[in-house]
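Peer 1: Sequence:
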Amino acid sequence: FRKAAKDKDDALFRKIDKELNDLTVIAARNEFAAAAMSPLHGMSRRFWFGNFHHFAGVTEMANLHGVLAAAIAKGSESEAGKALDQLIDCVEALTRKTFSTPD
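For the sequence shown, position 26 (counting from the first letter as 1) is numbered 26 according to my numbering, and the numbering increases by one without interruption.
Don't read these hints as lab results, they were simulated from the structure. One or more of the hints may lead you astray.
In silico lysine-lysine, PhoX-like type, Cα no more than 20 Å apart, as pairs [to be verified]:
id : residue 1 : residue 2
1  : K3        : K15
2  : K6        : K18
3  : K8        : K18
4  : K97       : K74
Since we're looking at a predicted model, the values are computed, not measured.
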């Protein structure tokens, strides 16, 4: 994620984002969560990659994903929770901006 952020490399970010999604599902060791998350990952990726360039750059998102991945790799549930909260807040802001109408 650091390289994608530094180089502003959208293609690399998309690749490692998919890998992170796949690995988090495996790490959860929960077949029911995996079945629930699989279609959500696909839909959210289509929405995200179609819209994020308008409001957030790859650098910001890659950095947020990198913090999350590092926390998961460390096995720190509290750090991962905080990192995920920050990532979700950013995604929510993007979603709201995407669907907002000018006053």
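Peer 1: Measure nothing beyond the straight line between the CA atoms of K8 and K18; if it is 20 Å or shorter, mark the hint as holding.
Peer 2: holds (17 Å)
Peer 1: Taking only the CA atoms, is the gap from K97 to K74 under or equal to 20 Å?
Peer 2: violated (33 Å)
Peer 1: Would the hint linking K3 and K15 be met if the CA-CA limit is 20 Å?
Peer 2: Status holds; Cα separation ~12 Å.
Peer 1: Under the criterion that the straight-line Cα-Cα distance not exceed 20 Å, is the pair K6, K18 satisfied?
Peer 2: Distance of about 19 Å is within 20 Å: holds.
Violation of the numbered hints given earlier is confined to hint 4; every other hint is satisfied by the structure.
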